[in-house]
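Trainee: Going down the list, the protein sequences come from chains A and B.
Using this note's numbering, you'd call the opening residue of the first sequence number 16 and step up by one each time.
Using this note's numbering, you'd call the opening residue of the second sequence number 16 and step up by one each time.
One or more of the hints may lead you astray.
Note: identical chains are not told apart, hence a pair may lie in one copy or across any two.
To be verified - Listed next, the in silico DSS-like pairs over lysine-lysine satisfying Cα-Cα at most 27 Å (straight line):
no. : residue 1 : residue 2
1   : Lys203    : Lys54
2   : Lys473    : Lys396
3   : Lys407    : Lys68
4   : Lys407    : Lys203
5   : Lys203    : Lys396
6   : Lys432    : Lys396
7   : Lys432    : Lys199
8   : Lys396    : Lys358
9   : Lys358    : Lys199
10  : Lys54     : Lys199
11  : Lys54     : Lys473
12  : Lys358    : Lys203
13  : Lys54     : Lys118
14  : Lys432    : Lys407
15  : Lys307    : Lys68
Simulated from the structure, these hints should not be mistaken for lab results.
Protein chains: 2
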Amino acid sequence: MTAALSAHELIARHRSTLDQALEAIRTRAYWSPHPEHPKAYGENGSLDAAAGKAAFDALLGSRLDLGQPGTDDWVGGETSPYGIDLGVTYPHADLDVLLPAMKAGQRAWRDAGAEQRAVVCLEILKRISDRTHEFAHAVMHTSGQAFMMAFQAGGPHAQDRGLEAVAYAYAEQVRTPDNAEWTKPQGKRDPLAMTKQFTPVPRGIGLVIGCNTFPTWNGYPGLFASLATGNAVLVKPHPRAVLPLALTVQVAREVLAEAGFDPNLVALAAERPQALDSARAGGTPIGEGIAKTLALRPEIRIIDYTGSTEFGDWLEANARQAQVYTEKAGVNTVVVHSTSDYKGMLSNLAFSLSLYSGQMCTTPQNLLVPREGISTDQGPKTYDEVVADLAKSVDGLLGDDARANALLGAIVNPDVKARLEGAAGLGEVALASREISNPDFPGAVVRTPVIVKLDGAKPDAEAAYMSECFGPVSFAVAVDSAADAAQLLRRTVREKGAMTVGAYTTDPEVEQDVREVCLEEAAQLSLNLTGGVYVNQTAAFSDFHGSGGNPAASAALCDGAFVANRFRVVEVRREA
Amino acid sequence: MTAALSAHELIARHRSTLDQALEAIRTRAYWSPHPEHPKAYGENGSLDAAAGKAAFDALLGSRLDLGQPGTDDWVGGETSPYGIDLGVTYPHADLDVLLPAMKAGQRAWRDAGAEQRAVVCLEILKRISDRTHEFAHAVMHTSGQAFMMAFQAGGPHAQDRGLEAVAYAYAEQVRTPDNAEWTKPQGKRDPLAMTKQFTPVPRGIGLVIGCNTFPTWNGYPGLFASLATGNAVLVKPHPRAVLPLALTVQVAREVLAEAGFDPNLVALAAERPQALDSARAGGTPIGEGIAKTLALRPEIRIIDYTGSTEFGDWLEANARQAQVYTEKAGVNTVVVHSTSDYKGMLSNLAFSLSLYSGQMCTTPQNLLVPREGISTDQGPKTYDEVVADLAKSVDGLLGDDARANALLGAIVNPDVKARLEGAAGLGEVALASREISNPDFPGAVVRTPVIVKLDGAKPDAEAAYMSECFGPVSFAVAVDSAADAAQLLRRTVREKGAMTVGAYTTDPEVEQDVREVCLEEAAQLSLNLTGGVYVNQTAAFSDFHGSGGNPAASAALCDGAFVANRFRVVEVRREA
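Construct the complete structure from the given sequences, taking the supplied hints into account.
Mentor: Given below as structure tokens:
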């Protein structure tokens, strides 16, 4: 091997970062090697703001040639939620050529062992990190996130989640030693003695099916978990959010080649855009549907998917040859019972509802408020008062258009816009959505959130609050009591799943009841958030994203179960 | 809690054993706390041979009342493969009463935490260990294993596998700390500070579906992995092998109650015997088929199954609400290419084929021998000579009836006998099976193994060697070359699965080829065994049983993947 990047060099560069990541997942204290501040970039080879923007601009209208085998066409067609056409084209793959080519390098990748795989993954992440400014624009113009969020969530936070997966994958593989000497006493006879060799082996090719809203953040855990455990990885991005993952594949291929491995261990499967059928509004392109084809290929042995419940359920039922990890839809609830910081609660909730126009799988949807009102440090507040005050808080937060644009980003696709427009008809509107213009991007669709009042006791309201209404729509659901709220929370998590649960209460018994529901239904709970941490944000190395135990997701980011079945251990034993 | 057995006391008794088990799974060196020698029992509360036999005899014809709720009948009907009726009856459950009762104790069991659950499991195993002599008779008279094997495999080795699962389950749960303080710097502003609490929570009720041949050895890993991770466990034994698992449930319920937990956390689901349809010979009872009903109950969230591929595939396809761990059929291969110890190879193979009449999921079936013969320390041997010498070796090993009975045990059920009788018609018989009488048990069906010659190049032979023929049947398959053997090995593992692979070769290239096939197809390989370790035996804490990566089994005993998804971690976070 005449690798430009030796294993020795990579270990020297990254072993201490790996060790820190291993320590972080053990203690779950705060840690990150990826700076959150845009000004932290620009030295030691990383792109600063201007260079990142220039790199992104140079991509527009270009052909991103990844050098993949079996490329039979060039496809593209992404339109930014901010109204510009990206015009980038990507290789379209002949799977019968690409998939066998991806398998060719697996033996050397397997034989490299867990540590070398880990440091190669860390080098990939490091080079992505250096290009965070460039990635930020790519994430912004595919997801519709505002720049600062695209920078942080699509950059350092996504890189953290990737690194976390590498750390778990490494730890899992080295739980079993490479070798063992086994000597069993036999009384007066000679002992039995065996020499055993243990090798982690990959399952095959991992398929990552990306989503529209968080292409890197939701894509990196599966990509790096599969790659670090010895598998090749094929990345199938959402047809509206190809660029961030195509750049990721480009970096991965570059690093693999420099480190002496086959670059085809990581490849992209972009789709031909297809005309929409008339039932779907908006005219943005969707793909040819290759996820279904890929998911059933025998070479694909692992699938990581983020997206609709319908397709997630289909994958779980049909892709039987693969380990399937899904993050699907859910209905997130906040129980509002009582608070010692009414103002803090309102501003915390207002931020949660507004961030990225509620287009996060973790955004609260149902706010359960007792109809007789709640107790607060500012005295009792009726249900109507709570809802009105929350509406006022959202209005205040988004009163300035520049700030609103920076928080809301843009509506990611026409489906979300249609749901938002339909929400007003579901009940009494406590806060109407309004249009905001974006001076930088006149084509951006920017909307403030709508809050709709529903009565939890009325059966006709149930269809609304018991379905996921993905986007800037929340329901203030009047409930009979804290016990009623806990019961509705339980039913919602059990039947619909939840990525997050929040609760505000000063009553230890109510807290205990909500906590017990979350433990029994396996939902992650944030209690009494009034400051700068929000229910919809989770920090890698510390917070679990999802639980893998309710219908919203079959996996949690990140834990042992997320990595342990991506490889198997083969033992070769012989007499010593 | 007025528990007779406090957590403190249990930790004092068992923590050091747990720590040793944790060290053993890390180093994979030899270790076991469970004595293999029958004479090691009889002190410190354990039953000696006579007391164990007396305890077993007292069970015969009795009603084993486990004190379970929802018992609506008493069922039984086990007939020993040694020809005696056990006459034990067991509770038959009304599932609509039993399953809710099993859930009632889960909250306290969850709140006890990983360490207390582990030491309760170790106390259960200790009491089972003390009754090893009694269990040995129960295993012998349900599985047909000879006494010494029933004693060791059904006793200490099964207990080892249970303890190994407890150790993995404990280690997995404590990877995440109980609590974390998370403090994130915010430049000049105050840091963000959160307090986080992490709780392992069970999935629900685990279902263990036992098998006929190794009720304890194959039943304990799933039982203890699920229980140690906080789940209740319902044990559904094979209708022909109820007693060993019913005794296990009895001990578990006794310990749980003494430790202050709800005994209904572990329960038995015995079946009503049903008349056989006329297509199945023999007249021994089979069950009413409650495994199918149970497997689809929403309360059942984990299933551990050992048995036929057909039902295992059905479980994987249909029990979608559960995590399913299966051990199914496979076709085990030994590549015979060359050896520096011809005599040792023959005697090692002869033992492997004879042990428990080949009724192990790990017994070799296909012996691939080059048609031009093999090289040995005794000069070249033709294919015919190798097969004839192996037949002679088996004959020699089983020449003495007492020794034959001690090795072979009895044929477990009429299906195995029918397959054995049919095998002679599949090809040229190199070694005919013969009947052996058992002076202690005149009703026992005892048969020596048959070896049938097949030509791997003849398409009509393929149907035989590419199917599992469970029982004392092996095929000496003539192949063209070592490369041909490696190719057939690959195809067999990929299409049919394998619990074990063996190979004899002195050629480093052939060894490398076979090893590569095993790494790529995820099969466990034993090389050049000529002494007292056999390809069909795996030692807990060191050897993996199965790989979980080929069609024979979806799980390996034992690794992180076997335990990591039996629980989820719920996080509760709040501002610090």
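Trainee: With reference to the structure, classify each hint as holding or not holding.
Mentor: Each hint tested on the structure:
no. : hint            : verdict
1   : Lys203 - Lys54  : between (72 Å within a copy, 15 Å between copies)
2   : Lys473 - Lys396 : within (22 Å within a copy, 85 Å between copies)
3   : Lys407 - Lys68  : neither (36 Å within a copy, 80 Å between copies)
4   : Lys407 - Lys203 : neither (85 Å within a copy, 30 Å between copies)
5   : Lys203 - Lys396 : neither (83 Å within a copy, 36 Å between copies)
6   : Lys432 - Lys396 : neither (33 Å within a copy, 78 Å between copies)
7   : Lys432 - Lys199 : neither (69 Å within a copy, 35 Å between copies)
8   : Lys396 - Lys358 : within (12 Å within a copy, 89 Å between copies)
9   : Lys358 - Lys199 : between (68 Å within a copy, 23 Å between copies)
10  : Lys54 - Lys199  : between (61 Å within a copy, 18 Å between copies)
11  : Lys54 - Lys473  : neither (52 Å within a copy, 72 Å between copies)
12  : Lys358 - Lys203 : between (79 Å within a copy, 24 Å between copies)
13  : Lys54 - Lys118  : neither (41 Å within a copy, 54 Å between copies)
14  : Lys432 - Lys407 : within (23 Å within a copy, 80 Å between copies)
15  : Lys307 - Lys68  : neither (35 Å within a copy, 60 Å between copies)
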